[in-house]
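S.K.: Each chain, letter by letter, is given below.
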Amino acid sequence: MVDTRAGASSLGGSGVCGLALEPVQQLLLYEAVDGSPALVFVADDDMRYIAVNSTACEVLGYTREELLAMLVTDIVTDAQAADLYQGMIRETQQQGDVALRAKDGSLLPFVYQASEIRINRIQYWVSVGFVNSALLEKSEQLETALRSRIVIEQAKGVIAGKLGLDLQTAFQVLRRGARSNHIRLRTLCERVVSEREIPQEILAGLSQQSSRRRLRSAPTKPASR
Amino acid sequence: MSEDLTVERIAENQSTFRVANEQIEAAAEHMGLLSPVPFICECAEKQCTEVVRLTLDEYEDVRVNPRLFFTAPGHQQIAVAAGAGVVIAATDGHVLVEKVGLAGEIAADEAAKLGQPDE
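Order-wise, the sequence lines are chains A and B. Take 563 as the starting number for the first sequence in this note's numbering and just add one per residue. Take 96 as the starting number for the second sequence in this note's numbering and just add one per residue.
So that you can see chain B by itself, here it is in the shape it has in the complex (with noise of 0.2 Å):
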């Protein structure tokens, strides 16, 4: 299925998904969207073109912690197997993954990027 994937590695595939939700949300509150977003799923798998529909408060919601992440259901698995990450919540739309350990910490770095002005 994948390459072998490092916990650094799948930290920083899903930091990379985190990056483009941030554009996909600015865009959908750009044009007012009520309903819920087609975001993509942040699992670890960098080929992964899965669509998780959130509102934006929940994609908010998501984004306070910088060490959650959102996938699809069942995506959270590499992440979970490899011990970069423990399921916190699921719902029939998309499982809530927080990452832990040195995956967490490269998590809540790359987090604090988006909180930086832009260059």
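With the rest of the complex left out, here is chain A (with noise of 0.2 Å):
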């Protein structure tokens, strides 16, 4: 079997660790690699992807012609990443976590180590790690839950300026419209917010309880004698 893929020759003739490999050592040692669960990226001096594992393509949504064609600073989107780079190169190792970008435009947090390694007398640079799947959760909770406090914040607006109201009492009212009528909180906003008027769900509300309020202050009858 021949691997002609990208960076399969990329581990070269001498082996790992300055070991002669025999062919077929190098090609269960690319296999695994390949197929680990890691993240695996080979870059040279300059930033530029020399080999990258099936696993790092399929993370982060590239061919991988496409992430061979990349700098490091295309998918490492920390403002310091080229300095992070050269400390790497300074100190012949690192490790960290920064965000890649994935080609969808998501960031995913990455924990990473990185080493040097020479083939045929050539520096490269290994980068080994795992996108951290916790924190990743956790960040598209709070990027769903920022969603929809964005459209609650519009719509509070929208309520408090059509109505008068302070901020704290266009979300009692919004609350009240969606409670009342079964319907989720965030679906009622939505509908302030795109059509800029204030739903029938929430009048009623609101006449109901101006009703309320002329019953509560209207003359009360003298008693007949």
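Some clues are possibly wrong.
To be verified - The following label-pair restraints were derived from C-beta to C-beta distances:
hint : chain 1 : residue 1 : chain 2 : residue 2 : range
1    : B       : Thr111    : A       : Gln730    : 21 to 31 Å
2    : B       : Ile183    : A       : Leu708    : 25 to 35 Å
3    : B       : Asp204    : A       : Leu768    : 21 to 31 Å
4    : B       : Gly188    : A       : Glu752    : 21 to 31 Å
Since the hints were made in silico from the structure, they are not lab data. Don't be surprised by glycine CBs; every beta carbon is placed ideally from N, CA and C.
Using the supplied hints, reconstruct the complex from the two chains, each of which is provided in its own coordinate frame.
M.R.: Now the structure itself:
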């Protein structure tokens, strides 16, 4: 079996640890690295990707060809990415966590360990790590919560502006509308924001409230003698 | 453990916790909290002080149905044993119980008061 995939030859003939590897050993080692659950990136001194494993491609959503045409700074979004890379070269190793930008634009928290490797006397840098799924789940939850909060804040602003209420009272009005009509608060808020009108569900509650106030403030009929 | 709770008392107790949780939600909303908020377990046990953490979105999903309540795991048993509720979902952190029969009617009536303007 001949593996023609990019990166298959990057292990070189001398193998890791300076020991000569038989072709079959090279192939086995390559398959193990390529199919590893870890993301593996190999780059040169100029931050160009020289080899990446299948897991890195799958997780980031790029083809291998696409990744091999990119620089480390295209994927690592940290503003200090280039400085971090130079630091790794100086120290010959590094560990830490950075955010990787996937093809769909999402940011993935990546915990890695990087170190120098030499193949045919040429220096490369290999980074092996994992996407921190717990952190990712947390950040996705926060993003969802934030999106909901934004539409609720917008709706509060609309209601407060139109009815001359403070924001806390505007929230109470929105929530009453949602509760009394058995609809999600977020759904009602989306309607307020998109229609820029006060939905009937809220108006009904307001008219009910003003009727009650009128009743309370109406003069009581004197008791007949 | 607790007094012998009637279906009515179970529904009333749980509705009381719901009112408290509405206030917690309003406070959390005012503070702009994004992480899970500590709500009070809405079980039938009046003395319960267990905390159930839900995001505001999760909380709102429960409140859409006036017969739905959430409890800490295991705390649904009184209502279920009394025939006042059935478990419709369970996670590691909480159990969702739907009130049925008379308890369901009381829960819906109490929820309708939440939708009314403040006095």
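S.K.: Each hint should be assessed against the structure and marked as holding or not.
M.R.: To see whether the hints hold, each was checked on the structure:
1. B/Thr111 <-> A/Gln730: 21 to 31 Å: Holds - the Cβ-Cβ distance for B/Thr111 and A/Gln730, about 23 Å, lies within 21 to 31 Å.
2. B/Ile183 <-> A/Leu708: 25 to 35 Å: 28 Å, holds
3. B/Asp204 <-> A/Leu768: 21 to 31 Å: 22 Å, holds
4. B/Gly188 <-> A/Glu752: 21 to 31 Å: 27 Å, holds
In summary, the structure agrees with every hint in the numbered list given earlier.
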